[in-house]
Amino acid sequence: GAGVSQTPSNKVTEKGKYVELRCDPISGHTALYWYRQSLGQGPEFLIYFQGTGAADDSGLPNDRFFAVRPEGSVSTLKIQRTERGDSAVYLCASSLGPGGSGNTIYFGEGSWLTVV
Amino acid sequence: GNSVTQMEGPVTLSEEAFLTINCTYTATGYPSLFWYVQYPGEGLQLLLKATKADDKGSNKGFEATYRKETTSFHLEKGSVQVSDSAVYFCALSGNTPLVFGKGTRLSVIA
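These protein sequence lines map, in sequence, to chains A and B.
Residues 121 to 236 (this note's numbering) make up the first sequence, in order.
Residues 1067 to 1176 (this note's numbering) make up the second sequence, in order.
Note that these hints are calculated values from the structure, not bench results.
The hints are all genuine.
Derived EDC-like pairs (lysine to aspartate or glutamate); straight-line CA-CA distance at most 20 Å:
1. A:Lys198 to A:Glu140
2. A:Lys131 to B:Glu1108
3. B:Lys1168 to A:Asp206
Let the hints inform the model, and build the full structure from the sequences given.
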């Protein structure tokens, strides 16, 4: 597709359950990012992939959060033992090269996660 | 660490009014600076960017100038429209991925 695609767009899950969120970046983009946006806040960085490897995972809040990008394209963000505080919009983004070098970063529309 | 501070909203303006949204930053080195916009029901979109001091980014009538001496990147538009109603985020990118401000909600009324 032309843009960053995220699925599901909405997910309601029960506390304690496991959740997977998928991101399909723009074709050819080597850099992929996950952010989390709570209501009334700006996006907060979670993890950054360059190719298949996590170049920076310093934003993951704890070991319940994990992300993979096995073939250097699609990425999955995995959340174990979900808590109500995990409710937020999870944003995926991609860029042609590393974002720090001034490459434009393009965002998907996000996956709304609600933990009840 | 790197951080961005932008003016709190919400900001409510009448159509054709002048807009300024203040943004200041703290960063090591020479970051690139961005304004992103989030229209209702849509994803974040890049509005404009500047990659070095004194650069001016511009798009859709919006402008922002990278001021190293005041560590600022204020967003301006001379005449806002109802369709500009959105949340605006200032962001920087240095040796780390994008760091965002908290966002400023703009409402433009006819």
